[in-house]
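Read off the chains here:
There are 2 protein chains.
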Amino acid sequence: MDKNKDFSEWYTWILKEAELVDIRYNVKGFPVIRPWAFSVMKKIYSAYEDELDRNGHSPMQFPAVIPESNLNKEKEHIKGFEDAVFWIEKAGMNRLEERLALRPTSETAIYPMYALWINGISDLPLKLYQSGTVWRYETKATRPLIRVREIQWIETHCCFATKEGAEAQIIEDKAIAETIIGDVLGIPFLFFQRPKWDKFPGADNTYAADSLMPDGKVLQIATTHMLGQNFSKPFEVKFSDSDGKEKYVWQTCYGPGMSRIFAALISHYGDDKGIVYHYQFSPIQVVVVPIYKGENKAKIDNYAAGIMRVLKENDIRAYYDNSNNTPGFKYNRWELKGIPIRIEVGEREIDANKVVIVYRDTREKKTTELESVANDVSQAGKEMFERMKSAVFENMRNSIDKSEDMDDIGKKLDLGKIIKIPFCSMEMEGEPCYEQIKDKLKAEVRGTLFGSEEKPKSKKCAICGKEAHEYAYVARQY
Amino acid sequence: MDKNKDFSEWYTWILKEAELVDIRYNVKGFPVIRPWAFSVMKKIYSAYEDELDRNGHSPMQFPAVIPESNLNKEKEHIKGFEDAVFWIEKAGMNRLEERLALRPTSETAIYPMYALWINGISDLPLKLYQSGTVWRYETKATRPLIRVREIQWIETHCCFATKEGAEAQIIEDKAIAETIIGDVLGIPFLFFQRPKWDKFPGADNTYAADSLMPDGKVLQIATTHMLGQNFSKPFEVKFSDSDGKEKYVWQTCYGPGMSRIFAALISHYGDDKGIVYHYQFSPIQVVVVPIYKGENKAKIDNYAAGIMRVLKENDIRAYYDNSNNTPGFKYNRWELKGIPIRIEVGEREIDANKVVIVYRDTREKKTTELESVANDVSQAGKEMFERMKSAVFENMRNSIDKSEDMDDIGKKLDLGKIIKIPFCSMEMEGEPCYEQIKDKLKAEVRGTLFGSEEKPKSKKCAICGKEAHEYAYVARQY
Numbered sequence: 001m002d003k004n005k006d007f008s009e010w011y012t013w014i015l016k017e018a019e020l021v022d023i024r025y026n027v028k029g030f031p032v033i034r035p036w037a038f039s040v041m042k043k044i045y046s047a048y049e050d051e052l053d054r055n056g057h058s059p060m061q062f063p064a065v066i067p068e069s070n071l072n073k074e075k076e077h078i079k080g081f082e083d084a085v086f087w088i089e090k091a092g093m094n095r096l097e098e099r100l101a102l103r104p105t106s107e108t109a110i111y112p113m114y115a116l117w118i119n120g121i122s123d124l125p126l127k128l129y130q131s132g133t134v135w136r137y138e139t140k141a142t143r144p145l146i147r148v149r150e151i152q153w154i155e156t157h158c159c160f161a162t163k164e165g166a167e168a169q170i171i172e173d174k175a176i177a178e179t180i181i182g183d184v185l186g187i188p189f190l191f192f193q194r195p196k197w198d199k200f201p202g203a204d205n206t207y208a209a210d211s212l213m214p215d216g217k218v219l220q221i222a223t224t225h226m227l228g229q230n231f232s233k234p235f236e237v238k239f240s241d242s243d244g245k246e247k248y249v250w251q252t253c254y255g256p257g258m259s260r261i262f263a264a265l266i267s268h269y270g271d272d273k274g275i276v277y278h279y280q281f282s283p284i285q286v287v288v289v290p291i292y293k294g295e296n297k298a299k300i301d302n303y304a305a306g307i308m309r310v311l312k313e314n315d316i317r318a319y320y321d322n323s324n325n326t327p328g329f330k331y332n333r334w335e336l337k338g339i340p341i342r343i344e345v346g347e348r349e350i351d352a353n354k355v356v357i358v359y360r361d362t363r364e365k366k367t368t369e370l371e372s373v374a375n376d377v378s379q380a381g382k383e384m385f386e387r388m389k390s391a392v393f394e395n396m397r398n399s400i401d402k403s404e405d406m407d408d409i410g411k412k413l414d415l416g417k418i419i420k421i422p423f424c425s426m427e428m429e430g431e432p433c434y435e436q437i438k439d440k441l442k443a444e445v446r447g448t449l450f451g452s453e454e455k456p457k458s459k460k461c462a463i464c465g466k467e468a469h470e471y472a473y474v475a476r477q478y
Numbered sequence: 001m002d003k004n005k006d007f008s009e010w011y012t013w014i015l016k017e018a019e020l021v022d023i024r025y026n027v028k029g030f031p032v033i034r035p036w037a038f039s040v041m042k043k044i045y046s047a048y049e050d051e052l053d054r055n056g057h058s059p060m061q062f063p064a065v066i067p068e069s070n071l072n073k074e075k076e077h078i079k080g081f082e083d084a085v086f087w088i089e090k091a092g093m094n095r096l097e098e099r100l101a102l103r104p105t106s107e108t109a110i111y112p113m114y115a116l117w118i119n120g121i122s123d124l125p126l127k128l129y130q131s132g133t134v135w136r137y138e139t140k141a142t143r144p145l146i147r148v149r150e151i152q153w154i155e156t157h158c159c160f161a162t163k164e165g166a167e168a169q170i171i172e173d174k175a176i177a178e179t180i181i182g183d184v185l186g187i188p189f190l191f192f193q194r195p196k197w198d199k200f201p202g203a204d205n206t207y208a209a210d211s212l213m214p215d216g217k218v219l220q221i222a223t224t225h226m227l228g229q230n231f232s233k234p235f236e237v238k239f240s241d242s243d244g245k246e247k248y249v250w251q252t253c254y255g256p257g258m259s260r261i262f263a264a265l266i267s268h269y270g271d272d273k274g275i276v277y278h279y280q281f282s283p284i285q286v287v288v289v290p291i292y293k294g295e296n297k298a299k300i301d302n303y304a305a306g307i308m309r310v311l312k313e314n315d316i317r318a319y320y321d322n323s324n325n326t327p328g329f330k331y332n333r334w335e336l337k338g339i340p341i342r343i344e345v346g347e348r349e350i351d352a353n354k355v356v357i358v359y360r361d362t363r364e365k366k367t368t369e370l371e372s373v374a375n376d377v378s379q380a381g382k383e384m385f386e387r388m389k390s391a392v393f394e395n396m397r398n399s400i401d402k403s404e405d406m407d408d409i410g411k412k413l414d415l416g417k418i419i420k421i422p423f424c425s426m427e428m429e430g431e432p433c434y435e436q437i438k439d440k441l442k443a444e445v446r447g448t449l450f451g452s453e454e455k456p457k458s459k460k461c462a463i464c465g466k467e468a469h470e471y472a473y474v475a476r477q478y
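One line per chain: the protein sequences are W and Y, in this order.
Using our numbering, read the first sequence as starting at 1 and increasing by one per residue.
Using our numbering, read the second sequence as starting at 1 and increasing by one per residue.
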């Protein structure tokens with residue numbers, strides 16, 4: 001199955017065959033996340049949470065239900081979400097006095113409590129997060145892990161005394177994404193400031209990480225929002241500042257999408273044989289496969305047991321597959337499942353007192369000593385990840401192009417690229433150009449590169465020809 | 001605040017003052033779990049999950065919603081839960097074709113998928129779990145962490161080829177509780193087989209861990225259920241056995257309650273000053289408090305910075321409280337918050353090149369050297385936990401009594417004890433005696449001690465005087 005030829009087919013195939021997600025659960029848009037995926041997602045959650053903790057955040061847990069009256073308090077927010085809410089109106093045999101929303105996001109649950117928790121300047125900054133699920137009645141076509149009605153994510157909610165404090169948080173959110181999504185997980189992305197017409201309902205500005213998937217469409221994998229004082233005013237989240245005056249806090253919220261990050265991970269690193277899991281994140285890091293021949297089963301099992309012991313003593317997650325299947329069957333199975341390192345144990349290895357390590361990505365073999373197997377395996381695992389990561393990042397870099405001409409943009413989009421174009425405006429008045437891109441090119445303006453001060457050399461918008469104020473990035477999207 | 005005098009008042013006080021739970025969220029029975037509690041609950045979740053993993057379980061994630069038709073498939077099950085279900089009937093502006101239950105427990109979500117996942121004997125045993133939340137429209141008076149409408153727990157769902165396999169799982173579930181709840185967290189409990197009239201809806205038998213709280217009432221903190229083939233038949237969870245025959249699997253499910261375990265933890269270990277967190281689980285393990293005097297601030301801060309550096313290098317979670325409050329205020333605050341170890345840094349300590357460690361439980365001081373502070377702190381933390389744990393377990397042992405007489409049982413219950421009595425029957429025919437215990441003593445039959453073969457010496461039931469077949473334990477409960 002070639003992911004570059006028909007990514008959609010490959011994606012469906014891998015989710016099913018590698019036992020990652022089961023779409024047969026009988027509620028549309030609510031697939032089951034199976035152990036082979038969820039055990040990796042758990043590790044991704046932990047990595048992200050640890051990085052949030054290191055940056056001064058603390059975990060909390062808010063209810064999954066939000067009273068309708070809370071949700072209605074910020075006008076733009078409810079307008080943005082009202083079509084997406086699952087409503088609870090009954091409990092047991094009783095009709096509830098006020099109906100409850102299954103949270104589509106938690107601002108309106110959390111901020112009434114922040115109003116109670118924050119009093120003085122010493123309560124700020126307040127940087128909290130929760131990990132878990134939100135629910136949105138998505139009306140577009142659903143796709144497992146990518147567009148679902150039950151979303152696995154983390155949401156942070158931060159309050160600051162000043163606008164500058166909140167702005168610094170946006171930069172920190174970007175840095176956390178670069179560390180965890182970029183460096184640790186090896187998923188390349190561009191970090192955009194979204195156009196005004198594409199921001200989070202209730203936010204002043206939205207920033208987002210987009211990763212270009214193998215089919216040339218971008219996937220939004222994390223967003224962070226400058227909420228300004230749009231929520232602190234209706235929810236009365238105030239503090240008395242050191243000057244004795246009562247002020248509204250400045251807020252940000254940040255939502256890295258755990259299932260989308262996982263989807264990007266398997267999509268960037270998978271191949272025609274199956275998934276390729278990162279050594280650090282794989283549920284099983286090494287599979288040991290015996291090559292029985294004639295009567296040598298006890299001899300092989302014994303030698304393999306020695307390898308397994310050494311691996312486990314070194315906290316390497318290893319599995320000995322001594323099932324009744326053929327070696328070839330086992331190779332295929334574990335390559336499909338993406339185990340990064342395979343060790344083959346046959347008569348020849350035993351006689352030479354050697355161990356053969358096979359890399360999942362290149363299927364190259366490397367012979368090593370029994371004494372150094374633990375070190376060599378983890379070395380090989382890291383080396384393999386770095387090698388693949390370089391290729392994935394190189395690929396992303398090569399997929400960014402530029403253009404100043406409508407037809408040319410279309411051609412490059414067809415090649416699966418993200419196109420940098422001179423653009424008139426990210427404000428609402430830019431909408432006509434946005435509409436043209438949408439209608440004629442079936443693409444979207446993803447925004448300007450956050451933190452870039454670069455100004456267009458050509459002063460003309462690639463779409464309308466009027467004055468261009470910035471570079472915008474155009475891409476097809478999920 | 002004395003927890004033994006008025007536990008209920010103490011419990012309310014500690015949840016509020018130590019900033020553990022906020023009951024002001026505007027949906028009844030849905031309190032907010034604040035960072036100072038949730039960061040510890042997260043560690044408890046991890047400890048439990050790691051132990052499940054070590055025992056061959058894997059994590060998964062099922063949807064939070066269950067179609068009504070699934071829920072209706074096992075007759076006793078739906079009867080037991082129908083009054084407790086929150087129903088989703090609308091999404092956005094649309095009425096759903098089939099209404100969805102917010103899961104009150106996940107058997108009827110999971111088992112239709114198990115029917116698809118299990119085919120042959122090689123698919124068994126299947127041992128999976130998920131961590132998260134279930135929702136029950138509790139009609140009794142709610143109490144934060146203990147009786148709520150949104151429940152934090154882990155649920156395991158295991159399938160076996162034989163009844164013996166399932167029975168062995170119940171024993172493993174008990175052992176996991178003993179390791180994590182008992183040894184690691186230091187919460188004493190008795191593990192009962194519940195009477196027939198008190199089992200999980202749809203189970204053959206229910207087993208449960210009860211911990212005796214400081215007010216003499218027992219709190220159920222984990223349950224495990226022998227489901228037999230009661231679910232595998234309606235949900236058609238079948239496998240072809242090695243004899244070629246198609247058979248229904250045998251099932252168990254296990255639910256340790258994370259928020260109840262946390263409630264038991266703070267209740268057993270708290271005192272009149274506040275919480276006492278375990279060294280291993282505390283969000284902050286050591287608080288360093290400077291004792292400024294005159295102009296020595298820089299000197300003290302400098303010395304404290306050295307201590308902080310050593311602690312952090314040794315991965316000890318330490319916090320330097322150099323806020324503007326008095327030392328006395330800080331002592332009270334961090335004792336309330338339950339930080340196990342305090343280090344006081346004053347002029348005297350600096351001159352002697354010493355460090356003063358203060359234990360949270362006894363408030364005893366111990367002087368140590370700067371070079372050995374990391375080791376001494378973690379030693380002190382462990383020692384303190386073991387000392388407290390011995391007392392807590394001793395207290396539990398002393399609270400188990402026996403009796404063969406109704407009046408005497410009542411007196412002992414009033415003293416906050418669990419009473420072992422000869423009892424006629426745990427089957428449904430025992431219900432009249434159970435009713436008497438309930439009506440006259442305001443207590444419950446919690447069951448027989450699981451794994452105990454002990455038979456009553458007195459052959460007469462303490463309640464009805466008829467033949468006694470076993471020892472039952474009677475207690476007041478939450």
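Any given hint could turn out to be false.
Which copy is meant is left open, because identical chains are indistinguishable; a pair holds if it fits in one copy or across any two.
EDC-like mimics (lysine to aspartate or glutamate), calculated; alpha carbons at most 20 Å apart, straight line [as the list claims (entries may be wrong)]:
#1 K28 - E68
#2 K389 - E364
#3 K79 - D315
#4 K28 - E97
#5 K90 - E138
#6 K312 - E51
#7 K90 - E68
#8 K43 - D53
#9 K127 - E19
Simulated from the structure, these hints should not be mistaken for lab results.
Against the structure, test the hints numbered earlier, and report the numbers of the ones violated in rising order. As far as the earlier hints go, only 3 is violated by this structure.
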